[in-house]
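Take the given structure of chain A and dock chain B to it, following the hints.
Which chain is which? The protein sequence lines are A and B, in order. Counting from 1, one number per residue, gives the positions in the first sequence under my numbering. Counting from 1, one number per residue, gives the positions in the second sequence under my numbering.
Treat the hints as calculated values from the structure; they're not laboratory data. For each residue, glycine too, the CB sits at the ideal point set by N, CA and C. Please note that a few of the clues may not be correct.
[Claimed, not checked] Straight-line Cα separation of at most 16 Å, EDC-like style, residue types lysine to aspartate or glutamate; simulated pairs: (1) A:LYS20 - B:ASP15; (2) B:LYS178 - B:GLU22; (3) B:LYS24 - A:GLU78; (4) B:LYS24 - A:GLU21; (5) A:LYS16 - B:ASP15; (6) B:LYS18 - A:GLU81; (7) A:LYS20 - B:GLU22; (8) A:LYS76 - A:GLU22; (9) A:LYS76 - A:GLU21; (10) B:LYS168 - B:ASP95; (11) B:LYS18 - A:GLU21; (12) A:LYS25 - A:ASP77; (13) B:LYS178 - B:ASP15; (14) A:LYS16 - B:GLU22; (15) B:LYS24 - A:GLU81; (16) B:LYS18 - A:GLU78; (17) B:LYS26 - B:ASP15.
[To be verified] Some but not every residue of chain A turned toward chain B, in silico, with C-beta under 8 Å: (18) ASN19; (19) MET23; (20) MET33; (21) ALA35; (22) THR37; (23) VAL44; (24) VAL65; (25) PHE72; (26) VAL82; (27) ILE91.
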Amino acid sequence: MNNDNMNIDKINSFQKQQNKEEMKKQIITFVLMIAFTVVAFAVVASGLEAIYAVPLILILAVVQVGFQFYYFMHMKDEGHEVPSSLIFGGIWVAVLTILTMTTIIWW
Amino acid sequence: MSQDHSLNPETMPHDPAKATTEGKHKFFGLWFFLGGETVLFACFFGTFIALRNSTAGGPTSQELFGLELVFLMTILLLTSSLTSVYAIYHMKNNDFKKMQLWFGITALLGIGFLACELYEFAHYITEYGFTFRSSAFGSSFYTLVGFHGGHVVFGLSWLIALMVRNAKRGLNLYNAPKYNTFSLYWHFIDVVWVFIFTVVYLMGMVS
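Excised from the complex, chain B in its bound form:
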């Protein structure tokens, strides 16, 4: 670890996530990924919008959805977005413990969101018999919302791995870019959720 010294400077630069070339590359790489993710989710949204009324005699969106649970999930994910902003704020102030604390809260809120989603899916399957195979609406619904849920699972695993691996290391120029790219990814998950609650749930309840 001959680089150890240069990655642990006496004074942290203003934006530790982008102070090294590798950090800058991680930053741009993640945005490339998010550009691709936008298109990927657009395909799922397009499919869902096209097929959402093809219920094949099965449950419709008006029969299934309830506003309360979706509102709770939205608040959980939105708040977790803010807590990761707090974590990055503490990273810029070079306060590692507070950064870990706020990322920990982010993880808990993400787990809360995931628990609600699992409850929701289980409720649809057991109470309404609404599964992936029920109708074209069912397939496109579980693909879109389930894929977003999969992104939350991946994000949580990423965050927990980062937090555990770096717990004793403290903040340095090696791991600051990693935390920063995670927080950008997490905000993007929230962006996708905003369109899911609007297009899938809210539009499903009005029309």
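Isolated chain A (complex conformation):
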């Protein structure tokens, strides 16, 4: 059991390089996500009118979540057709639910 941790040099160097490239993309994703967050908070702190601020921060949130799903959760990779359909199915029902609760039932 003790030699489990020693397998590291047996990983092929091409794969290691690939993992490294992948990690670089993840760090760029993280920087972008932090940037979106800072912009969203700055928009609210600046006291921009609600009619402009609310759509703007909602778009920033959607884009940030897209990065989270496609990069951090690897939905851009191969073999993610089932996860994509599950998440988009969930989002579809979620949109209907929120639409119902916020508008339709009050008419």
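Leaving out everything else, chain B in the frame of chain A:
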């Protein structure tokens, strides 16, 4: 443990989390769960948006919320998402110790987030008398944000249990899928938080 050998191969496959049938099933199972979670949180978000102005004379969101603490919590949770990406990176390089280290940092950041949230709730209750029963806004706020906090508590317990149980085992094809499903769950918690800080806190402060 007749399977022990096949789960501890000489060379690790490229993606150890999905190399076994069981690993693939865990992966798909978790995504099924996340699809359901999306709908569950949508119900809470819908309720909150519908009721957020029904304060019944109690504190409003503008009186309660402060940007600084929410920003700190956001950075803590976002960073913990990155550290779990680092952990999975080390898993793919078959470096168990570094994977445990990065998951450990993830757990610490999660605990930091939780401490901030507890402080926030305690502050609202003691300073403003804003509780679950104050108003419809209070009920929907604590249900939504508290349920997300509950997910963080569950995620932390899951992670700590995994790390302790597998500490002496090292990385193999038996526990790699478990770590991987945890990291997907943890990213999803961050996804939910992005909408919470946008819809609950930021939108609560502009309108």
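Against the structure, the hints:
| no. | hint | in the structure |
| --- | --- | --- |
| 1 | A:LYS20 - B:ASP15 | 14 Å, holds |
| 2 | B:LYS178 - B:GLU22 | 10 Å, holds |
| 3 | B:LYS24 - A:GLU78 | 13 Å, holds |
| 4 | B:LYS24 - A:GLU21 | 24 Å, violated |
| 5 | A:LYS16 - B:ASP15 | 12 Å, holds |
| 6 | B:LYS18 - A:GLU81 | 15 Å, holds |
| 7 | A:LYS20 - B:GLU22 | 27 Å, violated |
| 8 | A:LYS76 - A:GLU22 | 12 Å, holds |
| 9 | A:LYS76 - A:GLU21 | 15 Å, holds |
| 10 | B:LYS168 - B:ASP95 | 14 Å, holds |
| 11 | B:LYS18 - A:GLU21 | 20 Å, violated |
| 12 | A:LYS25 - A:ASP77 | 13 Å, holds |
| 13 | B:LYS178 - B:ASP15 | 13 Å, holds |
| 14 | A:LYS16 - B:GLU22 | 25 Å, violated |
| 15 | B:LYS24 - A:GLU81 | 13 Å, holds |
| 16 | B:LYS18 - A:GLU78 | 12 Å, holds |
| 17 | B:LYS26 - B:ASP15 | 14 Å, holds |
| 18 | ASN19 | 5 Å, holds |
| 19 | MET23 | 5 Å, holds |
| 20 | MET33 | 6 Å, holds |
| 21 | ALA35 | 11 Å, violated |
| 22 | THR37 | 6 Å, holds |
| 23 | VAL44 | 5 Å, holds |
| 24 | VAL65 | 5 Å, holds |
| 25 | PHE72 | 5 Å, holds |
| 26 | VAL82 | 6 Å, holds |
| 27 | ILE91 | 6 Å, holds |
Of the numbered hints listed earlier, those contradicted by the structure are 4, 7, 11, 14 and 21.
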